Amino acid sequence: MNIRVMWFFFSFMGAIASFSVAQVFQFRMADDRLHVQAHDLLSLAVKIATQSRETLSAINRLTTSPCSEKDVQELRYILYLTPYIQDVGRSTEGKITCTAVWGQLTTPIQLPEAEWKNERRTALWRNIHGAPDNRLIYDIGLVAGKAVAFTRRNLFQHFETANKNFQAIIFSPYGDHVLASMGTGTPAMIPLLNQPNGILTYVGRHAYECEKNFDMCALVQSKVSKNITSTSPLTALSITLLGALAGAGAGHGLSRQILSKRTLEKQLERALERNLIGVVYQPIVRLSDRTIVGVEVLARWTSEDRVSVSPEIFVPIIEKMGQTRKLTRLVIDKSLAELEETINRDSYFYASLNVTVEDITCPEFRKMIIEKSRLHNIEPNRIALEITERQTTDMATLQDAVKDLRKFGFKVFIDDFGTGYSGISYLANTPVDAVKVDKMFTKSIGTHSIQSRMLDNICKMISDVNGSIIFEGVETEEQASLLQNLYPTENAQGWFFWKAH
Numbered sequence: 001m002n003i004r005v006m007w008f009f010f011s012f013m014g015a016i017a018s019f020s021v022a023q024v025f026q027f028r029m030a031d032d033r034l035h036v037q038a039h040d041l042l043s044l045a046v047k048i049a050t051q052s053r054e055t056l057s058a059i060n061r062l063t064t065s066p067c068s069e070k071d072v073q074e075l076r077y078i079l080y081l082t083p084y085i086q087d088v089g090r091s092t093e094g095k096i097t098c099t100a101v102w103g104q105l106t107t108p109i110q111l112p113e114a115e116w117k118n119e120r121r122t123a124l125w126r127n128i129h130g131a132p133d134n135r136l137i138y139d140i141g142l143v144a145g146k147a148v149a150f151t152r153r154n155l156f157q158h159f160e161t162a163n164k165n166f167q168a169i170i171f172s173p174y175g176d177h178v179l180a181s182m183g184t185g186t187p188a189m190i191p192l193l194n195q196p197n198g199i200l201t202y203v204g205r206h207a208y209e210c211e212k213n214f215d216m217c218a219l220v221q222s223k224v225s226k227n228i229t230s231t232s233p234l235t236a237l238s239i240t241l242l243g244a245l246a247g248a249g250a251g252h253g254l255s256r257q258i259l260s261k262r263t264l265e266k267q268l269e270r271a272l273e274r275n276l277i278g279v280v281y282q283p284i285v286r287l288s289d290r291t292i293v294g295v296e297v298l299a300r301w302t303s304e305d306r307v308s309v310s311p312e313i314f315v316p317i318i319e320k321m322g323q324t325r326k327l328t329r330l331v332i333d334k335s336l337a338e339l340e341e342t343i344n345r346d347s348y349f350y351a352s353l354n355v356t357v358e359d360i361t362c363p364e365f366r367k368m369i370i371e372k373s374r375l376h377n378i379e380p381n382r383i384a385l386e387i388t389e390r391q392t393t394d395m396a397t398l399q400d401a402v403k404d405l406r407k408f409g410f411k412v413f414i415d416d417f418g419t420g421y422s423g424i425s426y427l428a429n430t431p432v433d434a435v436k437v438d439k440m441f442t443k444s445i446g447t448h449s450i451q452s453r454m455l456d457n458i459c460k461m462i463s464d465v466n467g468s469i470i471f472e473g474v475e476t477e478e479q480a481s482l483l484q485n486l487y488p489t490e491n492a493q494g495w496f497f498w499k500a501h
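Residue 501, in UniProt numbering, is where the sequence shown stops; the numbers in between run on with no holes.
Hints listed in this document are in silico derivations from the structure and should not be mistaken for laboratory results.
If you're wondering where the values come from, they're calculated on a predicted model, not measured in any experiment.
No residue lacks a Cβ here, since even glycine has one placed at the ideal position from N, Cα and C.
Please note that a few of the clues may not be correct.
Pair by pair, the computed Cβ-Cβ distance ranges are [said to hold, decoys possible]:
#	residue 1	residue 2	range
1	ASP32	LEU375	15 to 23 Å
2	ARG345	GLU371	33 to 41 Å
3	TYR77	HIS158	43 to 51 Å
4	CYS210	GLU477	31 to 39 Å
5	PRO132	VAL465	23 to 31 Å
6	MET395	SER308	33 to 41 Å
7	ASN344	ASN457	37 to 45 Å
Mimicking DSBU-like on lysine-lysine, the simulated pairs with C-alpha atoms at most 30 Å apart in a straight line are [as the list claims (entries may be wrong)]:
#	residue 1	residue 2
8	LYS367	LYS403
9	LYS460	LYS326
10	LYS47	LYS146
11	LYS367	LYS443
12	LYS407	LYS443
13	LYS47	LYS372
14	LYS460	LYS443
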C-alpha cells in the first residue's frame, strides 16, 4: 500500500469514526441535558411540595378562631412567607370558607372530589377553581386537616419556554397519578419508564428522577435531531475534517480526555482527594462593643486554571457528586486545626461551621465532630453548627439529632432565617442556641419596607424561644449603629466589620 493510499484510507476511516462518534456524542449530550432537566424539575417540585406541606401544617397549628379577622391576618402573614403559594385558607366539610386573599367568603366554595390522596391524607386537585372569581384557576390545590393551599400558576413554565420539543410530567412513583404536566401528550410518557434510551434513538429520549421522601418523580422527554448535519452542517463538516486530519478517532478521543480533565467536576474530585479546598473566616462581632467573639468558617476553592470559584457554584456540584460529607469533614479538619490555638486562648471565642440537615442527622457525623473536638482539645461549646436548608428531613429525626449534639455541649444555629418557611419550622420545633437573621432583613433596617417592619416580630419570635440573634450582611455604618442601638446584646457579621479572609 503506497503512502497516498494509506493516507487516504486512514483519513477516510478517521472521518467515518469521528462522524460516528460525534453522532453518538450528540445523543449523550442530549441525555445529560435531559438528566439535568429532570433533576432541576424535581428539585423545584420538591421545594413546592415542602413549602406546601409546611404551610398546611402552619395553618393547622394556628390557635386563632378559623376565619376570624385575626385568623385571616395570620393566614396573610403565612402567605407572605411562601413564594410558591398563591393563596391559603380554611376548609370545613369540603368547602373553602375563607382565604388570605379573599378574606371570609360569603358563600363557601364546594371542593370537588379529590383527584389523589397521599399517605399523609393530603388531598390534591389540579387546575382547580379556588376563588369566588371563576376566571382564577390554580395549578394545584391541596387540603390537609382544615387547611387549604393553592400553588401559583405556571411555576414550571420556564422549563417549556427554555427547551424546544420539551415534554415532562411529575407523577407518583408507580405512575398512577400525574401531579403536573408540561408540553403535549405528556400522560402517555409513563410507559417510557421501562424503556431504555437506544444508542441511536432520536425520538422519545427521556430521563427521570425520583424523591422518595415526597413520593414523586419527574420524567422529561425531548426529540433529538436524527442527523448531526441537520443540526449544524458546518459543525458536521468540521468534525469530519478533524477526523480525517487526526487519522481514525484517536485525536477526538484524546481531546475528549483532556476536556474531561478540565471540567469542574473532575477538578473538584481531585481537589477533594488532595485536600485542596481552602477555608476562610468571617468574624462575628458583639454589637455592644464590636469585639470579635467568633468566626464563621467558609469553604473556598481555586480551580486548576487559578480562577476563584464561588461556593454558590462549586458546593451544588459537590452535592450532586454525593461528596457533601467529604467536603464537610475536610472543612472541619482544616478549620479546627487552624483555630485550635485561637479558640483555646480566648475564653469566649468560637468557630461556626456550616452543615446540612443530612450531616446533623447522621450518627457517623456526630461521632466524627466529637472526635475532632477532642483531637484538637477544643471544648464542644466552642463549636457552633449552622443548619442550612438545602435538604429536608423528618422533624422528629432532626430534633433528636440536635438534642444529642447539644447534650455533648455543641451549639446549634439556624442559618439564613427568614428566607423560607423551613426556618420558622426549625425554630418552632427544634431547640437551638442562636438564629442567624438573613441579610435581606438586615439591609432593610432603617427603611420603611415591609421587611423592616417584620424584623421586630422576627427578633421577638427568636427571643421567645430563648435564642440569641446574629445579624448577617451588615454592610454600612448606619446599619451597624441602628442594630447596636436596638439590639445591643446580640451579635452581627458582614463586610462592614470584616470581610472573610
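The hints, checked one at a time:
| no. | hint | verdict |
| --- | --- | --- |
| 1 | ASP32 <-> LEU375: 15 to 23 Å | violated (41 Å) |
| 2 | ARG345 <-> GLU371: 33 to 41 Å | violated (23 Å) |
| 3 | TYR77 <-> HIS158: 43 to 51 Å | violated (28 Å) |
| 4 | CYS210 <-> GLU477: 31 to 39 Å | violated (51 Å) |
| 5 | PRO132 <-> VAL465: 23 to 31 Å | violated (38 Å) |
| 6 | MET395 <-> SER308: 33 to 41 Å | holds (37 Å) |
| 7 | ASN344 <-> ASN457: 37 to 45 Å | holds (39 Å) |
| 8 | LYS367 <-> LYS403 | holds (14 Å) |
| 9 | LYS460 <-> LYS326 | violated (37 Å) |
| 10 | LYS47 <-> LYS146 | holds (22 Å) |
| 11 | LYS367 <-> LYS443 | violated (38 Å) |
| 12 | LYS407 <-> LYS443 | violated (35 Å) |
| 13 | LYS47 <-> LYS372 | violated (34 Å) |
| 14 | LYS460 <-> LYS443 | holds (18 Å) |
When the structure is compared with the earlier hints, violations turn up for hints 1, 2, 3, 4, 5, 9, 11, 12 and 13 and for no others.
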